[in-house]
Amino acid sequence: MLSQEKVLSLVGRIYDAAADVRLWPAFLEDFADAVDGTTTGLIFYDWSASDAKLDVSVRYDPAYARQYVQHYYSVNPWTQAWKKRWNCAGPETIEAGDENVELALLEKTEFYNDYLLPQSDAHQMGCMLTKTDQTFAAFTCMRRRKTGAFGPDELDLLRLLFPHLQRAVTFRRKVAELEGRYHASLDALDRLPTGVILLDGSGRTVATNREADRVLRQNDGLLASSHGIRASRPDDTQELRGMIAGAARTAKGEGTGAGGLLALTRPSGKRPLTVLVAPVGRNFFATDVKTPSVILFVTDPEHKVESLAGALARLYNLTTAESRVAELLMQGETAVRAAERLGVSHNTARTHLQRIYRKTGTMHQGELVRLLLAGPARLSLSEVTEHLGTCAR
Amino acid sequence: MESRWTRSARHPGPDTVYTGEQLIESEQFRKTEFYNDYVVPNRIVRHFGSPLALHPRWVSNLSSHRPGNREPFGSVEIDLLKVLFPHLQRAIQLHRRFEELEGRHRASLEALNRLPVGVIMLDKSGRIVATNREAERLLHQNDGLFATSHGIRASGQNYSRELHGMIAGAAKTAEGEGTAAGGLLALPRPSGKRSLTVLVAPAGRNSFSTDVKTPSVILIVTDPEKKLDSLARTLARLYDLTAAESRVAELLMQGETVVRTAERLGVSHNTARTHLQRIYQKTNTSHQGDLIRVLVSGTPHLS
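Line by line, the protein sequences give chains A and B.
Just so you know, we're using numbering that gives the first Met the number 0 here: the first sequence kicks off at 0 and counts up by one.
Just so you know, we're using numbering that gives the first Met the number 0 here: the second sequence kicks off at 0 and counts up by one.
Hints in this document: simulated from the structure, not taken from any laboratory.
Check each hint, because a few of them may be wrong.
As the list claims (entries may be wrong) - Below are the DSSO-like pairs computed for lysine-lysine, each with C-alpha atoms no more than 27 Å apart in a straight line:
hint, chain 1, residue 1, chain 2, residue 2
1, B, K171, B, K123
2, A, K173, A, K251
3, B, K123, A, K130
4, B, K192, A, K269
5, A, K173, B, K192
6, B, K192, B, K171
7, A, K145, A, K107
8, A, K107, A, K5
9, B, K171, A, K173
10, A, K130, B, K171
11, A, K107, A, K82
12, A, K130, A, K173
13, A, K82, B, K123
14, B, K281, A, K5
15, B, K225, A, K358
16, A, K173, A, K82
17, B, K192, A, K358
18, A, K130, A, K82
As the list claims (entries may be wrong) - For each label pair, taking beta carbons as the anchor points, the in silico distance ranges come out as:
hint, chain 1, residue 1, chain 2, residue 2, range
19, B, E262, A, E301, 30 to 36 Å
20, A, H363, B, Q140, 54 to 60 Å
21, A, R232, B, T178, 42 to 48 Å
22, A, S267, B, H149, 48 to 54 Å
23, B, H149, A, N316, 28 to 34 Å
Glycine is no exception: its CB is placed at the ideal position from the N, C-alpha and C atoms.
Let the sequences and hints guide you as you build the complete structure.
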């Protein structure tokens with residue numbers, strides 16, 4: 000049996016991997032060393048998918064691993080036996096492959112002769128770590144034929160490590176779930192025309208969306224510095240920082256400042272940026288981590304919604320000419336100017352406009368512009384319209 | 000007491016495990032107010048522990064206590080804590096990692112909740128994983144877009160089919176198996192209200208998460224009928240409008256004509272037109288379409 004020190008070191012490796020999945024191989028190597036094993040890995044199966052996924056493993060031949068996923072997984076007699084016997088996950092699922100399928104029987108299979116034998120492997124042990132309706136996570140370790148079958152010592156070691164492996168896999172799943180949702184939220188924010196900046200309690204930037212990046216890149220009105228966010232004018236900076244500090248206190252549960260609204264003057268002379276400062280709901284347990292506690296919403300009145308014609312044509316069934324007129328009106332042009340810019344007569348433009356009103360269910364220009372701005376323009380559509388440009392309605 | 004502890008806290012490690020007796024001379028300590036009025040009544044006379052992790056703004060510490068009538072902590076306990084030390088440090092690291100992620104996730108959701116667009120996150124099979132506040136409002140209306148146990152559905156079979164096609168395409172792209180960028184749809188509403196605008200897009204980075212239910216597709220839904228919340232005060236503040244001017248601006252922004260605006264505010268058409276001229280001046284615009292663009296795109300519409 001392994002010394003307590005060695006076992007604890009293996010336990011430590013497991014939690015290192017829970018914190019950073021790139022460290023799984025370090026644990027798997029140590030484990031393989033401890034039990035004189037060969038290929039050792041964590042496997043995540045999806046019942047609904049046709050193939051298995053070897054998420055992390057060590058001491059394997061990539062060519063064989065590929066073949067395993069593509070073919071040998073489906074003829075692996077151990078897996079067939081697991082599927083029948085492992086209805087649950089738990090330490091009781093720890094067993095050696097030899098308990099499942101006798102070596103004499105195994106030797107007659109395609110799996111043994113074409114997959115195991117060329118790699119000199121013949122023995123295995125493993126267990127089911129977690130199981131849901133759709134998926135399960137398993138741990139497996141192989142051994143050479145000449146080393147002999149896994150015995151009680153090796154199975155006992157796996158029993159000791161089991162709860163830790165299970166926790167690490169569960170933790171990893173929780174983190175992956177949260178990470179997936181966080182990235183999806185950022186993706187959604189990237190597609191909106193409002194700039195969003197998440198700040199920590201001291202006003203430093205934690206995350207920005209695409210529109211906020213665009214505004215900050217211009218260095219015109221609002222600037223990102225290593226000391227936090229600031230405005231172009233010192234007066235504005237002071238007011239902005241005051242609001243951020245107030246909102247941060249509210250987020251910590253120490254104040255009631257709800258943030259505020261600011262118009263930031265721009266050196267370029269363009270219309271001021273509008274910034275709304277708001278606290279993030281109370282962070283109860285985050286004194287020691289850098290989490291966002293303040294959100295800035297930034298809008299730029301000068302930012303023209305560009306190349307929306309394709310999207311408008313698709314959404315409201317407009318002709319190409321009509322969608323160009325609609326786009327120009329949306330950008331703030333009059334019908335007369337729109338006609339001039341498109342090089343058509345005023346009468347033609349007026350006819351287009353009447354058809355646009357009909358197709359969009361609006362009656363006059365103000366209503367039309369409002370509809371377009373409240374609907375399609377609230378999405379950042381440039382990517383989509385590029386894509387739509389290539390496929391006909 | 001603090002100073003010696005603070006020194007050891009600078010380099011937390013198995014060697015910084017201490018007992019109360021090592022930190023402070025017992026006799027001297029027993030004369031303090033802290034000892035007599037706090038330590039003794041709380042039965043925490045015996046004490047051992049260690050700083051575990053250090054950060055510029057905080058330090059985390061583990062300590063354990065016993066009443067004075069028990070043996071002081073000794074080598075058995077110290078050795079136990081030394082063995083556990085790296086595991087405790089890892090636990091703190093894991094905790095911090097998770098908290099950081101959770102904090103960011105919560106803040107990004109809050110940002111989405113405050114925006115006037117509906118956001119619906121779907122997994123790769125089209126089931127709803129998360130929605131923001133505006134999306135909940137829209138789904139609650141059952142008008143144009145519905146939530147079912149199988150996922151999301153539009154009013155009308157053809158629209159549902161088109162929506163599902165776009166969702167499936169975007170999900171494949173998110174899984175790295177396709178290049179469909181999603182798409183854009185106007186979904187008519189049985190109530191006769193203006194169509195919802197729906198953008199379907201692939202989302203998330205699904206690395207290393209075969210067994211996790213993460214969002215693969217996002218739907219962004221806008222409702223052109225959504226009334227912009229009372230913005231009169233915001234407008235007044237941003238553009239230095241008078242109360243009367245900001246009321247005019249707000250109604251124009253909601254899609255009213257100047258004539259209707261005058262009627263609704265109970266003022267003459269001429270007065271409304273005068274207000275409008277001043278609003279043009281203050282917002283640096285020249286006509287209604289331009290004004291509405293500046294007001295709508297330059298004002299943070301938060302729900």
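Outcome of the hint check:
Among the hinted pairs, K171 (chain B) with K123 (chain B) is consistent with the structure: their alpha-carbon atoms are about 8 Å apart, no more than 27 Å. With a C-alpha separation of about 25 Å, the suggested pair K173 (chain A) and K251 (chain A) falls inside the 27 Å cut-off, and the hint holds. As the CA atoms of K123 (chain B) and K130 (chain A) are separated by approximately 20 Å, the hinted pair is consistent with the 27 Å bound. The hinted pair formed by K192 (chain B) and K269 (chain A) fails the criterion: a straight-line CA distance of about 37 Å is larger than 27 Å.
A threshold of 27 Å between alpha carbons decides the hint, and for K173 (chain A) with K192 (chain B) the separation of about 41 Å lies outside it, so the pair is violated. Taken as a hint, the K192 (chain B) and K171 (chain B) pair is broken in the structure, with Cα atoms around 33 Å apart against an allowance of 27 Å. For a cut-off of 27 Å, the pair hint linking K145 (chain A) to K107 (chain A) stands: about 18 Å separates their Cα positions. A hinted pair counts as satisfied when its Cα atoms are at most 27 Å apart, and K107 (chain A) with K5 (chain A) does not qualify at roughly 38 Å.
This hinted pair checks out: K171 (chain B) and K173 (chain A) have alpha carbons roughly 23 Å apart, not beyond 27 Å. Between K130 (chain A) and K171 (chain B) the alpha-carbon distance is near 25 Å, which keeps this suggested pair within the 27 Å criterion. The straight-line distance between the Cα atoms of K107 (chain A) and K82 (chain A) is roughly 20 Å, inside the 27 Å bound, and the hint therefore holds. The straight-line distance between the Cα atoms of K130 (chain A) and K173 (chain A) is roughly 14 Å, inside the 27 Å bound, and the hint therefore holds.
As the CA atoms of K82 (chain A) and K123 (chain B) are separated by approximately 25 Å, the hinted pair is consistent with the 27 Å bound. Note on K281 (chain B) and K5 (chain A): the hinted pairing is violated, with a Cα-Cα distance of about 75 Å set against a maximum of 27 Å. Note on K225 (chain B) and K358 (chain A): the hinted pairing holds, with a Cα-Cα distance of about 20 Å set against a maximum of 27 Å. This hinted pair checks out: K173 (chain A) and K82 (chain A) have alpha carbons roughly 25 Å apart, not beyond 27 Å.
This hinted pair checks out: K192 (chain B) and K358 (chain A) have alpha carbons roughly 14 Å apart, not beyond 27 Å. Proposed proximity of K130 (chain A) and K82 (chain A) is supported: the alpha carbons are some 12 Å apart, at most 27 Å. In this structure the hint that E262 (chain B) and E301 (chain A) lie 30 to 36 Å apart at CB holds, the actual value being about 33 Å. Against the hinted window of 54 to 60 Å, the Cβ-Cβ separation of H363 (chain A) and Q140 (chain B) comes to about 27 Å, which falls outside the hint.
R232 (chain A) and T178 (chain B) have their C-beta atoms about 46 Å apart, which keeps the hinted 42 to 48 Å range intact. Restraint check, S267 (chain A) to H149 (chain B): a C-beta distance of roughly 51 Å satisfies the suggested window 48 to 54 Å. Taken as a hint, the range 28 to 34 Å holds for the pair H149 (chain B) and N316 (chain A), whose Cβ atoms sit roughly 29 Å apart.
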